[in-house]
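A.B. asks: Listed below are the residues making up each chain.
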Amino acid sequence: MPHVSHDRLTTQTTDSVSAPRASLDQRRRERFARVEPRGARVHTARERAELLLDEGTFVELAPLKSAQSGAGSGVVTGWGLVDGRPVVVACHDAAIASGAIGAVMAAAICRAQRFAIDSGFPIVYVNDSGGARVPDGIHALHGCGEIFALNVEAQQRIPQISVILGPCAGAAAYSPALTDWTIMVKGHGHMFLTGPDIVRAATGEDATADEIGGSGMHTRTSGVAHLEVETEVDALQSVRHLLSYLPSNTEARLPVGDPVPVNPRSADALPTVVPEKASVVFDMRAVVDGVLDNGARLELMPEHAGSALTLFGRIDGRPVGVVANQPAVRGGILDSKTSVKIARFVEFCGRFGIPIVTLVDVPGFLPGTVEEGRGIITHGAKVLKAYVEAKKSMRLTVVVRKAYGGAYIAMGSTSLGADHAWAWSNAEIAVMGPGGAVGLLHRRALAAADDPGALRDELAGEYRENVARPFLAAEAGIIEDVIHPEETRDRLVSAMRLLEHR
Amino acid sequence: MIDAKAEIVGNVWKILAREGDQVGPGDPLVILETMKMEIPVVAPAHGHVASVLVSEGQIVQEGDPVVEIDDTLGA
Numbered sequence: 001m002p003h004v005s006h007d008r009l010t011t012q013t014t015d016s017v018s019a020p021r022a023s024l025d026q027r028r029r030e031r032f033a034r035v036e037p038r039g040a041r042v043h044t045a046r047e048r049a050e051l052l053l054d055e056g057t058f059v060e061l062a063p064l065k066s067a068q069s070g071a072g073s074g075v076v077t078g079w080g081l082v083d084g085r086p087v088v089v090a091c092h093d094a095a096i097a098s099g100a101i102g103a104v105m106a107a108a109i110c111r112a113q114r115f116a117i118d119s120g121f122p123i124v125y126v127n128d129s130g131g132a133r134v135p136d137g138i139h140a141l142h143g144c145g146e147i148f149a150l151n152v153e154a155q156q157r158i159p160q161i162s163v164i165l166g167p168c169a170g171a172a173a174y175s176p177a178l179t180d181w182t183i184m185v186k187g188h189g190h191m192f193l194t195g196p197d198i199v200r201a202a203t204g205e206d207a208t209a210d211e212i213g214g215s216g217m218h219t220r221t222s223g224v225a226h227l228e229v230e231t232e233v234d235a236l237q238s239v240r241h242l243l244s245y246l247p248s249n250t251e252a253r254l255p256v257g258d259p260v261p262v263n264p265r266s267a268d269a270l271p272t273v274v275p276e277k278a279s280v281v282f283d284m285r286a287v288v289d290g291v292l293d294n295g296a297r298l299e300l301m302p303e304h305a306g307s308a309l310t311l312f313g314r315i316d317g318r319p320v321g322v323v324a325n326q327p328a329v330r331g332g333i334l335d336s337k338t339s340v341k342i343a344r345f346v347e348f349c350g351r352f353g354i355p356i357v358t359l360v361d362v363p364g365f366l367p368g369t370v371e372e373g374r375g376i377i378t379h380g381a382k383v384l385k386a387y388v389e390a391k392k393s394m395r396l397t398v399v400v401r402k403a404y405g406g407a408y409i410a411m412g413s414t415s416l417g418a419d420h421a422w423a424w425s426n427a428e429i430a431v432m433g434p435g436g437a438v439g440l441l442h443r444r445a446l447a448a449a450d451d452p453g454a455l456r457d458e459l460a461g462e463y464r465e466n467v468a469r470p471f472l473a474a475e476a477g478i479i480e481d482v483i484h485p486e487e488t489r490d491r492l493v494s495a496m497r498l499l500e501h502r
Numbered sequence: 001m002i003d004a005k006a007e008i009v010g011n012v013w014k015i016l017a018r019e020g021d022q023v024g025p026g027d028p029l030v031i032l033e034t035m036k037m038e039i040p041v042v043a044p045a046h047g048h049v050a051s052v053l054v055s056e057g058q059i060v061q062e063g064d065p066v067v068e069i070d071d072t073l074g075a
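Those protein sequences? They're chains A and B, same order as listed. With UniProt numbering applied, the first sequence covers 1 to 502. With UniProt numbering applied, the second sequence covers 1 to 75.
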């Protein structure tokens, strides 16, 4: 590979160190004059880095590094501040060989990754690359593999966020998949193994780039990406917002903000949010709004597997990851996709010690041939594993209505290690729902009854009152206490304040 | 024409929509019963109900069309 030219550049730079500083800066400005972005792009790679970071804080790593003298490496790497905290960035430069990843570019990205891991700073990858650089041959492949290896190493130490601001094919799609969260820009961000032409040649399928790997595909159907935004600037602002909830690394303290009271209207509504009839759906966001600090929220995967909510917010100024069933979508059931979504979120929070608040109203895991065929047992088990392993996080669980069977266990129960769990007074916690339980326990009586329907309703009512009410769980010590909805926030706040002393 | 589809496997519990009804996005058309939950199938767009494709007590699978909506303007 053409390392010779790189050496020559280094020599030139050394010579110019003796020259006045102003002269060096001038030469740099000329060498790296703004390269006009191509196509739908609005900003250059450098401008993207500067937009992400606090104004005037961007420091570039090895700005002269090039495959060919003066050409640049194909990626702008460096560090700067986000809300005053250091963050490393690597922005693909689509103006150079369409951002294709060659050996020199891969080395530059790996250097930034190494720097981020060793320093304990989050890293943001701004992706806009056609994939491996074909003229670099196996050197390009090797370089891509080295990026992946560092993506995996970084998982154990720092948050990694990917932004997709252009086509990301092949190797360029896999690195984001090894990071924690991926944000795509509608219309011009794409991720796929290969684009439309090669798909057509390989399988005969005729599909557009958007159909194969647009933001709609990945934020609704596949779950490969976690947030869809309208513009480049929105994407970079979303990264800043996401970082505001995250510690810099697995050992760092949580970014605590000023406590903000709950929205008073949402708090007032809390006691009447949940319909009395267990079969009637409602919007769990109203419960979220009734307990979290008023203000910013960041919901991840809002359009994918909507029967569960995963979002970041704050309680008493401290960041929390909220996991909640969403009865308003598909009744709030757990299925394969929902399980993968929850497990991923809980695993992330656990890795960084972000407190996990779980709000439960779940009719169960969806049974049947379709879900068994999708491997719901394997995927459901991922939820169990994620909660058990999230030992660094304070885990707080509130059962607001139904929690039956396996889904009760999975949704952050104390059996999996929750620090505290509470249930609202109308909640039902039981091994199975009243309908199924009555059918099993009273099969003979029901078969002999003159009016089985009436007997069933009567027995279900008894079961609901005598077996499923949460006082049994509280007496057994399986939950901490039975509480009124309006007490929820105070319980969460006091638990969160203990965090200071853990 | 656009179909309102079942988001989940279930039993058609109640049919609310009638042919010719004017509907808007989010309006409940049919209520499914699954896992003891009442899960509405809602209109995906403005239009009027062209036909109801299911009857009460029928089992529908995820993705099955439930109600056909005529979303052509001025229809």
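The hints are simulated quantities; they were obtained by calculation from the structure and are not laboratory data. Mixed in with the good hints, there may be bad ones.
Unchecked claim - Derived pair list, reagent style EDC-like, types lysine to aspartate or glutamate, alpha-carbon separation capped at 20 angstroms:
#1 Lys277/A to Glu38/B
#2 Lys14/B to Asp71/B
#3 Lys36/B to Glu462/A
Said to hold, decoys possible - Which stretches of chain A does chain B cover? Using the computed rule of at least three CB atoms under 8 angstroms from a CB of chain B, they are:
#4 329-335
#5 360-374
Glycine is no exception: its CB is placed at the ideal position from the N, C-alpha and C atoms.
A.B. asks: Against the 20 angstroms threshold, does the CA-CA distance of Lys277/A and Glu38/B hold or violate the hint?
C.D. replies: With a Cα-Cα distance of about 10 angstroms, the restraint between Lys277/A and Glu38/B holds, given a limit of 20 angstroms.
A.B. asks: Regarding the pair Lys14/B and Asp71/B, is the alpha-carbon distance no greater than 20 angstroms?
C.D. replies: violated (23 angstroms)
A.B. asks: Going straight from one Cα to the other, do Lys36/B and Glu462/A come out at no more than 20 angstroms?
C.D. replies: holds (17 angstroms)
A.B. asks: Tell me whether the statement that chain B covers the stretch 360-374 of chain A is true, taking a Cβ distance below 8 angstroms and needing three residues at minimum.
C.D. replies: Three-residue rule met by the stretch 360-374 of chain A, so holds; n is 5.
A.B. asks: Does the stretch 329-335 of chain A contain three or more residues whose Cβ lies closer than 8 angstroms to a Cβ of chain B?
C.D. replies: Contact hint for the stretch 329-335 of chain A vs chain B: holds, 5 residues under 8 angstroms.
When held up to the earlier numbered hints, the structure conflicts with hint 2 and nothing else.
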